[in-house]
Structures are given as C-alpha cells and as structure tokens.
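Residue numbers (the working numbering), protein chains in the order written: chain C, 142 to 411; chain A, 142 to 411; chain V, 142 to 411; chain Y, 142 to 411; chain G, 142 to 411; chain F, 142 to 411.
Treat the hints as calculated values from the structure; they're not laboratory data.
Hints may be right or wrong, so weigh each one.
For chains that are exact copies, the list does not tell them apart, and a pair is met inside one copy or across any two.
[Said to hold, decoys possible] In silico lysine to aspartate or glutamate, EDC-like type, Cα no more than 20 Å apart, as pairs:
1. LYS354 - ASP286
2. LYS305 - ASP318
3. LYS256 - GLU404
4. LYS305 - GLU279
5. LYS354 - GLU404
6. LYS354 - GLU382
7. LYS256 - GLU382
8. LYS305 - ASP327
9. LYS256 - ASP212
10. LYS305 - ASP267
11. LYS305 - ASP394
12. LYS305 - GLU282
13. LYS305 - GLU359
14. LYS305 - ASP395
15. LYS354 - ASP285
16. LYS256 - ASP267
17. LYS202 - GLU279
18. LYS256 - GLU359
19. LYS354 - GLU332
Protein chains: 6
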Amino acid sequence: MSVSSLAAASGEREAPFYRSVGNECGLFEQAFRQRLPLLLKGPTGCGKTRFVHHMAARLGKPLYTVACHDDLTAADLTGRYLLQGGETRWVDGPLTRAVREGGICYLDEVVEARKDVSVVLHPLTDDRRLLPLERTGELLEAPDDFMLVVSYNPGYQHILKSLKPSTRQRFVAMAFDFPPPGVERDIIARESGLAAERCAALVNLAASLRAMKGQDLEEGVSTRLLVYCATLIQGGMPILEAARATLVEPLSDDVDVQDGLLEAIRATFG
Amino acid sequence: MSVSSLAAASGEREAPFYRSVGNECGLFEQAFRQRLPLLLKGPTGCGKTRFVHHMAARLGKPLYTVACHDDLTAADLTGRYLLQGGETRWVDGPLTRAVREGGICYLDEVVEARKDVSVVLHPLTDDRRLLPLERTGELLEAPDDFMLVVSYNPGYQHILKSLKPSTRQRFVAMAFDFPPPGVERDIIARESGLAAERCAALVNLAASLRAMKGQDLEEGVSTRLLVYCATLIQGGMPILEAARATLVEPLSDDVDVQDGLLEAIRATFG
Amino acid sequence: MSVSSLAAASGEREAPFYRSVGNECGLFEQAFRQRLPLLLKGPTGCGKTRFVHHMAARLGKPLYTVACHDDLTAADLTGRYLLQGGETRWVDGPLTRAVREGGICYLDEVVEARKDVSVVLHPLTDDRRLLPLERTGELLEAPDDFMLVVSYNPGYQHILKSLKPSTRQRFVAMAFDFPPPGVERDIIARESGLAAERCAALVNLAASLRAMKGQDLEEGVSTRLLVYCATLIQGGMPILEAARATLVEPLSDDVDVQDGLLEAIRATFG
Amino acid sequence: MSVSSLAAASGEREAPFYRSVGNECGLFEQAFRQRLPLLLKGPTGCGKTRFVHHMAARLGKPLYTVACHDDLTAADLTGRYLLQGGETRWVDGPLTRAVREGGICYLDEVVEARKDVSVVLHPLTDDRRLLPLERTGELLEAPDDFMLVVSYNPGYQHILKSLKPSTRQRFVAMAFDFPPPGVERDIIARESGLAAERCAALVNLAASLRAMKGQDLEEGVSTRLLVYCATLIQGGMPILEAARATLVEPLSDDVDVQDGLLEAIRATFG
Amino acid sequence: MSVSSLAAASGEREAPFYRSVGNECGLFEQAFRQRLPLLLKGPTGCGKTRFVHHMAARLGKPLYTVACHDDLTAADLTGRYLLQGGETRWVDGPLTRAVREGGICYLDEVVEARKDVSVVLHPLTDDRRLLPLERTGELLEAPDDFMLVVSYNPGYQHILKSLKPSTRQRFVAMAFDFPPPGVERDIIARESGLAAERCAALVNLAASLRAMKGQDLEEGVSTRLLVYCATLIQGGMPILEAARATLVEPLSDDVDVQDGLLEAIRATFG
Amino acid sequence: MSVSSLAAASGEREAPFYRSVGNECGLFEQAFRQRLPLLLKGPTGCGKTRFVHHMAARLGKPLYTVACHDDLTAADLTGRYLLQGGETRWVDGPLTRAVREGGICYLDEVVEARKDVSVVLHPLTDDRRLLPLERTGELLEAPDDFMLVVSYNPGYQHILKSLKPSTRQRFVAMAFDFPPPGVERDIIARESGLAAERCAALVNLAASLRAMKGQDLEEGVSTRLLVYCATLIQGGMPILEAARATLVEPLSDDVDVQDGLLEAIRATFG
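Put together the whole structure using the sequences plus the hints.
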C-alpha cells in the first residue's frame, strides 16, 4: 500500500455522521474557498476531529490527519530521505502530500509539536501559500484545494506549550464546545444504538458532571465517553456499572472526586 | 525464532491461574466485543498483568505485552526499518503485529512512555480504529479481534507523568486493588505450595502492613511478595528470616519504618 | 526542480504590492548598495516579510527566506552532505546559495534559531563578508549583490532568546510598526476586494483593539487578520461573525478578553 | 576472545575469599534454587560485589557483572546489532548471555541505570521469567540456573535516583553492612599480608572513623581502604603516612574533617 | 577549493588596516616568539578580530578563525572522519590544520564553545604544545610558528559560561577597549570615506552613548557601528536618519533608552 | 603514525624536570608496585600533570594522558568501532591501550567526565583489575605494570560534579599544593632562564597574590603563570607590563580585583 493510497483510503471512507450546531460548516467552507487556514479550539472529545472528517468527506477532498506530540518535528510533516537498497529515496510526509496533490491536512493538538513546525506553517499560511522543501530543493505552491486545519485545547495550555502570536494570527479561528443537549442525545443514540430517551438521561447526567469541571475535574466528560457508556448499557451491562467504567474511572483517580461523580450518577439513575 | 512466533509462544502458554474478584472478567469481555480500549488502574503487584494474561488465554488471543519506560517511543510500538544485508527491511513492532494479525496489545505503565505514543494511540482509540504507519505508507484498520489494554498506577503519578485527559477519555476504565483475604490466601497457597492456614496468617499480616501505606510506605506489600515469603518458608527458611527478606527489606530502607514492619511481623508470628 | 530553481521561482514571482510608510525603501537600498546587513524589528503581521519580498523584486534579486525556529542550526543555512547512491554529495543551504550566486537571504525571527548560526553570521557581517564552509573547505567571499536581512519581534523576547550585542551590533537596524490608517485601509481593500470605506471602519476598529495590547493581549491585531476579516465579509459572511473568527478567536482564549474585544467590535459595527 | 569466553574466564577464576557474617549465603542459595531475583543493599566497599563473586564460584555458575551508570540502557544489557562487513550481526549483551546459557547476572548500583532497563527486568522478575528481545523477535525463557542479582547503596539515594516500588517489590532483599571486627581483621590480614594484631588496630580505628559518618562524612571508611592502608604499611610506609593516603585524603577534601580524621588516627597510632 | 587553500586565501589577503593603541602589537609578537598562548578580552566590536587579522598578516602566517558557539565541539576544531565513496576519510579541522602546517588559530568568543574543547586546548597550552588526535592515533607537536589565540567579552559572562581557572591560567592575557578618540576618528574616516572632522563629531557622540552603558545599555556603541553610520552619511543619508539606523535601533528595543540615545544624538548634531 | 606510536612518542620524551617537595615520589612508586590506583588532588597549575609525566619517565612506562571534560564517555577511554572501507574496525582508546600493553593512564580532572566512566574504573580499581570490553567481548586483565592515576581540583567542585564515595574510596589519594618558595624559585628559573634572585621576587609576589584567593580570586596564581611572567621579562618586557599580562589579566576581569593585584605588584617591583 503506497503513501498515496493512505490518503485515498482515508478520503474514500464514507462521510462520518456529524450534527451541525451553529454555522461551523459554513465558516469551514468559506475558509476553504478563500484559501485561508483554520484553527479549531475546544475541549477533549467534543467532536473537532469528527467535524474535520465530515467536512473533508463533504468537500470530497482527501484528509491527512496528524496527532501532534512532543517529538513531532517539521520533517515528520514534510518528509525524509530514507535509505533503501543502498540508495536514498525521498518520501513525502503527510503535509507535503496534501500540498502536492490537494486535500486537507489536519494537525490535531498542534501546540504539542516541536517548534520547528513553524518553519513549514508560516510560508503556507501567508498569501504565498508556499511549502519550501529545503532537502529536495523544491518550492511547492499549494493548489487551490489545499487547506490547512489545526486544533488545540485551550483548557490545558501552559506557558511552555502555547501557540506564538506570530503563528496564531495566521489563522481564521473557531471555538468548539460540547453539542447542545438535543444534538448530543441524537449523536449518542446513533452511535450506540441505545434508545433516544435513555440517551437523553445520559446527556442530563453529563450536564451535572461537566459542572464539576475546574473545581474537581481537569476536563468535563466527553461525548465519546457518553457513547461508550450507552454502548455498554446497550450491550446489557447494568447502568451503574457501565457509568463507573466510562464516566467515573476515566475521569479521575481521586476517591473524593469519584464519590461526587457517583453521587450525581445515582441521583440520575439510582 | 521469528517475531510472529514471539506472540504465538505467548499465546500458546497455558492460561495462568486467576481468581476473579468482581465482574472484571465480564467488563473485559464486553470491552473486547464492543471493540473499546481498556484502562486498568491499580497498585504494584496486585495482579493487573496476570489478569490480562488470563483474559488473553481465555479469549484465545495472542498477547503482546510492553513494559513502558521513559524512553519508549511510538516507533518501539509500531516498528522500524532495520538495515540487513545492505537492504533496509521493515520490522513490525508489537502494536503493529497485534493490529495486523489480531490480538491484545497490553502497554504496562503507559504513563512512563514518551509522549509520541499518543500519535498511535489516538487513531486506534476512536471509532476509526486505525493505525497509520507513516514510514511504510500503510493505514491499517484494526480487525474486530484487536484490543488495546493499558495500565498505570495512580499511586505514584506526578505532574510530569500523567495521562492527558484527551488520552484518558478514550478508554473504558477499571480500578484494581489487592484481592480480598480469602482469594489472596488461595493465590498464595497455590503459587507457593505452603499450607492454606499458614498463608492466611500471611494475608492477615499483609493487612497490617498495608495499613502503614501513605504515612511510612510508598506502596503496600504486594501479593507477589507474599508469594515470595511463602515460597521461602515452604523451602525451609525460618518465618522471621523469610519475612525480613521479602516483606521488610524490599519495602523500605528506613530503619524506623523497618522496625515498624518487623514489630507487626513479630506480633503475628513471634 | 533543483535548488537553484527554488530561488529563481521565488525571484520570478511578481513584486508583491507594498505601500511604503516612511523611508524604509531608501534605507534598504542604501544598505544593499553599501553591502551592510540589515535588521528589521517589529510586531507580528505588520508587513516585514512582505517588505523584504517587495524589495527583492524591486532590486531584481533572488530571495531566500528562512523561517527560523528552535532547532534551526548553522548547517540548515550553509548545507550538508547527503548520502546518495553510496556517494556523499554536498547540497548548499539557502544562505550558501545566496552567497554563491548573489541575492538576498532573509532569516525571519532570527532569535529563534540555535546559537551556532552566529558562526556563519559573524564573518558575513564584518568587513570581510566571508562564508567559511568548514565541511567543504571553501571560503566563499560574498559578491556585491549579496545581502543579509534578519528580523525579530521585540515584543516577545525573553532572557533565553535574545540577540547577543556582539551579533546585534553588526547590523543596520530599522523598526517596523503597523501602517498608518490610510495606508492600512488601502492595503486591506486591495487584498480583500472589499470597498475602501468598509475597510476604513475595520482600521478604526483595529486601533481600539490594539489599544488593549499589553494589559489583556500579548499582541495587537495584525494587518493580516484585518485582511482575513475583510475577505470573509466580501465573501458574504455577516460582519460580526467574520470579526469573531478573525479578530477575536485568533487573539485570545480568555472569555473576559474576548468579551472586551466583542464589545469594541459591536461598538463599531453593531 | 569471544563473548562467551568473557563469562567463562570470569566463571573459571578461583572462588574469591569471602567470610560469611550471617546467613547471607543461605539466603542467596535459597533464592537461586527458588528462581527468585535478589536485591543487595549496603554501603560502599562493604563486600557486596565480592560476595556475589564468591557465590557464583561456589554455585559453579558463570557471572556477568555490570557496573550501572547514568547512561546504561536496556540495549547495553540485552544486545545490539553491529555492522560488520556490510552485514548487521546481533551481539548478545551480558544479560541475554546469562539468560541464554544460564548463570548469574549482577547489576551493580542498579538505580544509576536509565529507566528503560525496567523493560527487561520486569518480565524476568515475575513468574514468567521471560526476556523479550524485540529487535531479534526472540522471547527467551530463563533456564532454572539463571539468577538476577542487583545492588544499590541506600546511603546516597536521592529523589531522581531511586528504585520504583513496582521494581523493588519484585526482589527478595538483603541488607549488607561492614563486617564485624574479628571478621574484618581477618579479611585485612589475608589481603594485605600484615600481621593480624596490627590489622586489629586498623579495625578499631575504622570504628571511630565510621562514627563520624553523617555529620562530617558522606560515607564511612570501607574495608577496601583498610586493606589499602595495611598494604602500604606492610610495604614499609610509616603508619601515619599510609593512613593519610588511604583513610583521610580519599574520604574528604575538607580541612576540618581531615583534621578530625587525623586526630582519631593519631589517638590510635600516635 | 581545498581546505588548505582556505587558510591560504585568508593568509594572502592584504593586511587589514589596524591602528595600534598601546603595546598590543609588541605583546602579541613576544607571545608568538615565546610560543605562549594569548587571551584577548574586550567588548563587542572594539577591534579584537581585526587586530588578530592584522598581526597574522604582519607575521606572514596563515590565520584560522573560528567563531565559537554553544554547539562547537572539540571535533569541530580537530577534524572528523567523513564518508566519501564508501570510504571514510579524515578531514582536518582548523586547529589541526594550524598545528600541522604552522599558523595562528583564533577562537573568537571561546567561552561559548562546548566544554570538551578543553581536551585539545590543555595539552596545546602547556610546555608540551601537543595536539593528540585520538581518532587518527596521531600526537602532533606544534611547530614554533603555531600560536593559539582566544578571545572573550568579559562584559556578558554569566555563571554557566565562563572560562575555568584551569584554562584561563594557561594564557598570557590582554585587555582591549575602544580606541582613543583620535585613533577612532581616523579609523572611521578611513573605512567610510567621510571627512575626518565629521568623524570626530561621531566619536564625541560615541563617548556620550558609551557613558550610558551598564545603566541602560548592555553594551556601548561599537567602532563598527560608527563606521556604518559614517558610511550611510557619506552615501547621502541625513545624519539623524543614519544615526537612528546605526546607533539607536541596533542598541536597544526599549523606547525610553532609545529616547535617551536620540537626545544625545540631537544634542550633538541637531 | 599509529595509535601505539602515540604512547611511545610520549614515553620516549625525556623525563621532564620535577622538583620533589615531600614524599610524593615514594608514595607514587609504592602505589605503582602494589598495583593500587592513585588520586591526585590540588589547585590549577601546581604541577600535578608534570609530576605524572615525571614519574612515568622515571618508571620507564608509557603515559596516556586524557584531559576529561563534560562529554567524555567510557567509549572515549576504551575504544570504538570505526567504519573503514566498508568494514568496521575496533580502535583501542587510551585506557585500553594502557591496560593491553602496560603503562600509566592519567585522567586529568576526572570529575568532569560523564558518569559512565565509572563502568570502566570500578572493575579496574578493585582487586580483580579487569577491563571488560563489552563491544569486543574481551575481558582484559591489567598487567602488573599498569597503573591508573586520576586527578581533580577540590577547589571548584560543586554538587553536580563530585566523585561518588563509591568511586573515591577505590583510590590511594595525595594532596598537592604550590611548591615551597625555594623550590618554586628554582622551577621558574629553570623554565624561563631568568636569574634566580629575580625569580625569588616573583615567588614573594605570588605569596601575596595567593593570599587574595577565596575573597577576591577563584584560584591563586599558578606556577605556570609565574613561569610565563619570567619568560616575558627575560625576553625584555618591562616587569610591570609582563606582570599585568600574566598575573593580572588571566586571573580576573574585575577592575577592583585587578587594582588589588596591581597594587601588590607595584609594592614588590615598583
């Protein structure tokens, strides 16, 4: 399977279900058409990644997703010379691939990456839309259907890990949050197969659990965990047991915090 | 012996003895069937690793165990190009192996690993269940019988070493603790060959020693050390001598703490 | 596409629009003719990069731009031996290219680079104008039409990242700031296609937003973001929505700061 | 001389003299027979290394000793691919050698090693006794006559360098201290050739010097240094001169501490 | 162009203009003849580098200049094996070159270099004057016409970056400062072509600006910047504009400090 | 010139002049004969290195000197595989050379080296006197005429750079200081050719300058600098000028400290 088939496989997959909340799809499309880079901000598990998958499928463009991390360097994005059969061969990274052939490159949690990624993001995010590959001597001009999307979670930025203003100010930006109750209920029901009214109860519960964020919890419960919970219930597990495994243990190791979460759960389902 | 035989050898080994305490086997099986990743939390030596071995044997799946550490990188999990005979050859890592052929991949003490492991964990732990191998250009889709299990010990997390919420919230989670007295007695007796009533005395002793945790001891005495102690006693060593070598010296270097432990031991056996 | 075509492509591009504010073009030309290196200081997105592009086109010289970052080393600028076909081949970096063939080398945000870049900057910025390439054994003398330009943003220097006096004092320097209102209005209108009077309102707004810098904002809103905003409005997006996506979300994650920004926006357009 | 001859040479050397103090030989033998890993704790130069050499010779097993240090990694213990004649060849490390062929592997001052050694210690120290070699794809099962012994000095542990409870609790442990006076006298006499009654005086002196530990000295004087002192005296050097060179200068650079030591020496020999 | 031609080219260049201030030339010559290493201390841009160039030309010796930096290692000075055509070939570094063929090796800002340079400096700076090349197995004895010169700026030493006494005390040392007014005037006039009396005014200005050092400025204005200023004035630029670009902006980003500098400039030229 | 000729060249050089102060030669010879490792402690430039050179020549043994530094690793001492002509070839380091062929290995400022040198020092400094070469699979036994000598300067140890007690206690140790006046005078006269009575005045001066150590100076003036001073005077330089270049500038950059030094110099010679 070649590198190009990697993106294709990704592009060919059926557009994942996504329930729009505001005008996020419109802003994404405008940014795509105006060739502006996009920054998504929002908490863990609120649907940013799925939104990008949805939009890529809707626009019919291949999607290259990169989960950024502490050791991700510019070369991981642009490509490298690999030694094969005694000969060095250049292998495009996901960003180069997207620039060369068109498509959306999505850098998830971009603040985690090493600082040298700015060397490739800056010329791609000004009016030149260029990707210089020093190693191969190429200067790629991004086609009209190339789009750069990055995301990060403002909830746990710290001093050493934040986007420099000189980078931030190159993006159109959009804030995400958990979907409103009705939408979240439908998402859970669709993903887990659990009846909508039982999902609605989980969404109510999520509201109380999310209210504990900040004081006791680093992050509120994500839509993903609600889907997990509904899946286990639908699979036949008792509600309290499923809730403990998906809405309590993954959120905290602190016994007092867990007791608070369990109390809220029992108040809803007990 | 090839890489594939490594997992096979592991898979073929007889299912290790495991005494269930609650519904942990049921939750593991549900997670396996629903294709949800699982997080095990609990203290040192309480049986997490053995539980995973037991479940892998019970489900008839090969098991790939990785003891994570400070320098473990994503490439240690996914694979590397090795130079052999002037030709580079790709060698799958244990995670890739498990995704390619099905099976359970168990990352023990996952918080110890380098941050770039998130790059492989995230796409494997959302609904796509994908493992992108940038180096080979492959995008592997996990088969239904692939399962990812990770563990960590909440007892000694510190700031620099904790699971990010964006990672934690991708797992169904389960807390482990030392087994209840009757179960622990049976485990010790079975492993050491020592008579059950003498093992019961060791379990009683463990309760007093574990009560010292937090104030004086970083960790309570593990079931493993109780098995060691019973083994030495069964081998003919005087009880106090065996207890010093297995329940005192391995737990602390502090003379006062050691005196406290010895006092508890003498109170039980003296 | 070879390395030389990289610069050429850059040099052949039509001179980008640039509205002069003071005598910056005159000073640049004098420095070029007197063979003096130039340092540009100024905030994010005020037009430093575009100014250099403009001057390179005006002087008809190829331009080599390097976005500096934490891991950029002297070798990234001068070149490297690459292994190809079992033979090592020297490949010039962008600085060497500019010295060898003439042209302007622009190091954007030079303080971000590793300290060893001083090894190449120092002999190039005294009267010798030499570039020693230890690896190839060459000692290149810069031709008359070589010019070194570096930039940085005095707004977010910290102790570990500042230009040593022994480096700074080798440059003729020039401070940049956002363009005066009339000029900025014209720039926005030209780039976005939005009517000049609507752009004037955006420039007025920018003044109030920039006044918040320091107390609440790390950086004032850039001309680039104003162009983004005008582009989205011109594309049909409601003004408040466009302003939120370009003048609020990219500037801050703090709800209070965002409220302050939104208030100023509504006071102008509401 | 091949790698295998390295251990052999070590195994064939005559059993070094060792005077047992308590039941340390019995505990070592039990641990060896029960296939339990062993942890030795004790101050510098009290005889831990010699004890392990003695036991290896007594049990007739080859011994692989590794002095651990800050940069020792798992690969230093397990082995590496080396490039030879254009072909990579796997070379076993000392731990792999001991597992493959049987024998005792002794990791001296194990807390100094890099954290990734836990990846090889953990599966070797639970009931599976396995050594996975990811690089070669092998999963070695330790034979009955393999034993792992590690040591460390509790006297100078600090926060960054301590054994994690999850590692410590995998070992049977034993504390070492300087030998009792009669034994130490015999050791010194045997090693240096000095008459026993003169050695007895040195042992008396050691008691006073060791009493200064903690307040003035980081470590008490070791048996090794007493042997050095006796050796120089036996070689004809005046007592005070020999004592200064072996019992004062090696222990401290502080003039006041040295004066204290010299006073104690003169009180004994003056 | 080969490595040897690098030094030659440097040696053949015409002796740069240098106006002696005290007996610095005599001390340099004595040190050269007595085969003693020399340490030059002084502020940025006061002429240390030019002095060394001047003396090298005067003594008719090739000069090897190395601008030291944070990542400069001993191997950068001594040489390396490079892989070429499948064969490793040793390539002398600049220090080895100077020792092998005679000449002056000048390490500019030596305190910036990595600590392992001491391994080559120490044996070269005691009476043996040896350069051991461990990698090639050579032990080079420096010829009579080899001289080592190092420099640093005492003005911005900090704790982590200072010369160890064991290194400092191996050098004859000399302090440099800006030249006295008449000399500096002549230097500026000669370099810029500006009339001497106009240069004298610049030197007077420099005195007031240098008086601000310490309180407001990290470094006083260098002779180099005065030459830049005179060059721009000579090229037709208005005095105040030239002074801002060369004597204000390169020295400080602080508005208050800049105002102070401008006031002094206007007081002289306004 | 091969590696072996490196040591030979060193061994063949005529024994350098050394004036014994106490019984240091006797202690060195005893340690050599008893096969005990030796630790030399003392300030910069007091003659430790020359003493070792002298003793090596006197004993007729080759000497391998290594100036230790922050990046010196065990492999720098033991050796490495180098790639040559497509084949890896083992090249002995200086320590291995000394062990293999007999001779003295001198590690100057050993505390500067990386921590992994302990892996080679420990087995060489206990009664086994072994050097294990893991990479070649050799276990070298040191011959009777091998001796390990290390040195360090207790004057500037800090917490991160000190010898662990487990390493220190493996050495016979000796403290060095500047030679007594008569001896130092003779050394200076012999090295510089200056008349003895003029050297005596320099030694007197050194006493006053050394008295300033601690309060104002990090290190007292070394014998080496006194030799430099006498050399310049003998070469015809005025005393005050020579003293400034050798006894003032190399010792301090602080103007007040320099004034204090100059005052002492003028009081002696003025």
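As a check of your reading, is LYS305 near GLU359 (CA-CA no more than 20 Å) within one copy, between copies, both or neither?
Between copies only: 9 Å across, 24 Å inside.
Reference check for the pair LYS256 and GLU404, CA-CA at most 20 Å: within, between, both, or neither?
neither (44 Å within a copy, 34 Å between copies)
What label fits LYS202 with GLU279 when the C-alpha limit is 20 Å: within, between, both, or neither?
The answer is between: 19 Å across copies meets 20 Å, while 24 Å in one copy does not.
Intra- versus inter-subunit Cα pairing at 20 Å for LYS354 with GLU332:
Cα proximity of LYS354 and GLU332: none, with 25 Å in one copy and 43 Å across.
Classify it for me, LYS305 with ASP327: is the Cα-Cα distance of at most 20 Å met within a copy, between copies, both or neither?
neither (38 Å within a copy, 28 Å between copies)
20 Å Cα threshold - placement of GLU404 relative to LYS354:
within (15 Å within a copy, 27 Å between copies)
I want to check one pair: LYS305 and ASP394. Are their C-alpha atoms no more than 20 Å apart within a copy, between two copies, both, or neither?
For LYS305 and ASP394, only the inter-copy Cα distance (13 Å) is at most 20 Å; the intra-copy one is 33 Å.
Up to 20 Å between alpha-carbons, please classify LYS305 paired with ASP395: within, between, both or neither.
between (34 Å within a copy, 15 Å between copies)
Checking LYS256 and ASP212: alpha-carbon separation at most 20 Å within a copy, between copies, both or neither?
both (10 Å within a copy, 7 Å between copies)
What label fits LYS305 with GLU282 when the C-alpha limit is 20 Å: within, between, both, or neither?
neither (24 Å within a copy, 36 Å between copies)
Quick one: LYS305 to ASP267, C-alpha cut-off 20 Å, is that within a copy, between copies, both, or neither?
Intra 15 Å, inter 29 Å, cutoff 20 Å: intra-copy only.
Intra/inter-copy verdict for LYS305 and GLU279 if alpha-carbon distance must be at most 20 Å
Intra 27 Å, inter 33 Å, cutoff 20 Å: neither.
The structure does not agree with the numbered hints 1, 3, 4, 6, 7, 8, 12, 15 and 19 stated previously, though it agrees with the rest.
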